[in-house]
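Asker: Sequence:
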Amino acid sequence: SDVVENQFSVSNSFWFITGTFLRQGSGLNPKATSTRIVGGIWWFFTLIIISSYTANLAAFLTVERMITPIENAADLSEQTEISYGTLEGGSTMTFFRDSKIGIYQKMWRYMESKRPSVFVASYEEGVKRVLEGNYAFLMESTMLDYAVQRDCNLTQIGGLLDSKGYGIATPKGSPWRDKISLAILELQEKGVIQILYDKWWKNTGDVCNRDDKNKESKANALGVENIGGVFVVLLCGLALAILVAILEFCWNSKKNAQTDRQSLCSEMAEELRFAVRCHGSRQRPALKRSCTRCS
Numbered sequence: 001s002d003v004v005e006n007q008f009s010v011s012n013s014f015w016f017i018t019g020t021f022l023r024q025g026s027g028l029n030p031k032a033t034s035t036r037i038v039g040g041i042w043w044f045f046t047l048i049i050i051s052s053y054t055a056n057l058a059a060f061l062t063v064e065r066m067i068t069p070i071e072n073a074a075d076l077s078e079q080t081e082i083s084y085g086t087l088e089g090g091s092t093m094t095f096f097r098d099s100k101i102g103i104y105q106k107m108w109r110y111m112e113s114k115r116p117s118v119f120v121a122s123y124e125e126g127v128k129r130v131l132e133g134n135y136a137f138l139m140e141s142t143m144l145d146y147a148v149q150r151d152c153n154l155t156q157i158g159g160l161l162d163s164k165g166y167g168i169a170t171p172k173g174s175p176w177r178d179k180i181s182l183a184i185l186e187l188q189e190k191g192v193i194q195i196l197y198d199k200w201w202k203n204t205g206d207v208c209n210r211d212d213k214n215k216e217s218k219a220n221a222l223g224v225e226n227i228g229g230v231f232v233v234l235l236c237g238l239a240l241a242i243l244v245a246i247l248e249f250c251w252n253s254k255k256n257a258q259t260d261r262q263s264l265c266s267e268m269a270e271e272l273r274f275a276v277r278c279h280g281s282r283q284r285p286a287l288k289r290s291c292t293r294c295s
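Numbering-wise, full-length UniProt numbering puts 146 at position 146 of the sequence shown, and it's gapless, one number per residue.
Just so you know, the hints here were simulated from the structure itself, not pulled from any lab data. Backbone N, C-alpha and C define an ideal beta-carbon position, used for all residues, glycine too. There's no promise every hint is true.
[Claimed, not checked] Listed next, with one range per pair, are the computed distances between beta-carbon atoms: (1) Thr94 x Ala58: 44 to 52 angstroms; (2) Leu182 x Glu81: 47 to 55 angstroms; (3) Pro69 x Ser181: 39 to 47 angstroms.
[Stated by the list, open to error] With a Cα cut of at most 27 angstroms, we get these calculated DSS-like pairs of lysine-lysine: (4) Lys128 x Lys202; (5) Lys100 x Lys114; (6) Lys128 x Lys106; (7) Lys164 x Lys179; (8) Lys190 x Lys164; (9) Lys128 x Lys164; (10) Lys190 x Lys179; (11) Lys254 x Lys31; (12) Lys202 x Lys190; (13) Lys128 x Lys114; (14) Lys172 x Lys199; (15) Lys199 x Lys128; (16) Lys100 x Lys164; (17) Lys199 x Lys164; (18) Lys164 x Lys202; (19) Lys31 x Lys255; (20) Lys164 x Lys106.
Go ahead and model the full structure; you've got the sequences and the hints to work with.
Answerer: So this is what it looks like as C-alpha cells:
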C-alpha cells in the first residue's frame, strides 16, 4: 500500500516557520496544494516584513548621521569648522561685546579676531553667507523668523540668547507716550498683534511647512498603516489555503473510500483523525475491518 508521511509535526512546523523568517532553509517541502499555498503566502509575508524593516533601519541610520551636532551657542563656541558672526554695529554685536557671560565672551573674542571678518554689513549679506555654507549668522529673532519662514534652506538652531523688546520712541514728556502704550496693550490683549505677525511673518504663500522651529530629522516608525496590506494578503492567503484543504480532504476521502470499499463518512473520519495528529506518522490511515458472521 502507499505510504503517507506527515512531515509537519508541531516541532517541524515551528522549525519551518523559524527557518523561513530567518531566510534559511528548513529541509521541509510542502507537497499538498493547500500547504504549498500556506508556505508561499508565508514566504511572501516574511519577505515584505524583513525588507520593510531593513529599509527603515537603513533610513534611520542615515537620518541619525544627518542630525546637526550644533544645538546651541555652547556647541557653536566649541568648534572651529563653522564660523559665525553678526551684523556689524547691530544690537546683537553689542550684546556679545558687553556680555559678562563666559560663553558669550569667548564667542566675542573669536568673532573679533577672526580673519577674514565674520561681521556683515546687512542682513541680506549674512543670509547669503549662510547659504554659501560653513557660516552661522547670529541675528535678532524677529528678522530670523522672517528669513527662516521664507527660505527652506535656512533653519534656526537653539533658542534665544537674550530677550529684548521693541518700543516706539517719543520726545521726553510727550503726551503721546501713554496713549501709544495703552493702544499697544489693547492690541496685545485682543490678539491683533499676533494676527498681524502671522499675516506678515507666516504668509501661507511663502512659508516653508515646518512642525516646529527646532526641526529635527527623524525616521518614521513602521506602523500598521505602513504594512497593514501585507497582513491582509496573509489572511486572504490563509483563507484560500483552508478552502483548498477542505476540497482536497473531500476529494481524497472520496477516492480512498472507493478504493477501500468503505462508506464516505467512515473514510472521512479516519482521514480526519490522521490529519489532526500532532506528531509525524508513516502509516497510511486505514479502516479496521471485522467480520461479525465469522465463527
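Asker: None of the hints should be skipped; say for each whether it holds.
Answerer: So, going through the hints one by one against the coordinates:
| no. | hint | verdict |
| --- | --- | --- |
| 1 | Thr94 x Ala58: 44 to 52 angstroms | holds, 48 angstroms |
| 2 | Leu182 x Glu81: 47 to 55 angstroms | holds, 50 angstroms |
| 3 | Pro69 x Ser181: 39 to 47 angstroms | holds, 44 angstroms |
| 4 | Lys128 x Lys202 | holds, 21 angstroms |
| 5 | Lys100 x Lys114 | holds, 20 angstroms |
| 6 | Lys128 x Lys106 | holds, 25 angstroms |
| 7 | Lys164 x Lys179 | holds, 22 angstroms |
| 8 | Lys190 x Lys164 | holds, 22 angstroms |
| 9 | Lys128 x Lys164 | holds, 26 angstroms |
| 10 | Lys190 x Lys179 | holds, 17 angstroms |
| 11 | Lys254 x Lys31 | holds, 20 angstroms |
| 12 | Lys202 x Lys190 | holds, 19 angstroms |
| 13 | Lys128 x Lys114 | holds, 19 angstroms |
| 14 | Lys172 x Lys199 | violated, 33 angstroms |
| 15 | Lys199 x Lys128 | holds, 25 angstroms |
| 16 | Lys100 x Lys164 | holds, 17 angstroms |
| 17 | Lys199 x Lys164 | holds, 22 angstroms |
| 18 | Lys164 x Lys202 | holds, 22 angstroms |
| 19 | Lys31 x Lys255 | holds, 18 angstroms |
| 20 | Lys164 x Lys106 | holds, 22 angstroms |
In this structure, only the earlier hint numbered 14 is contradicted, and the remaining ones agree with it.
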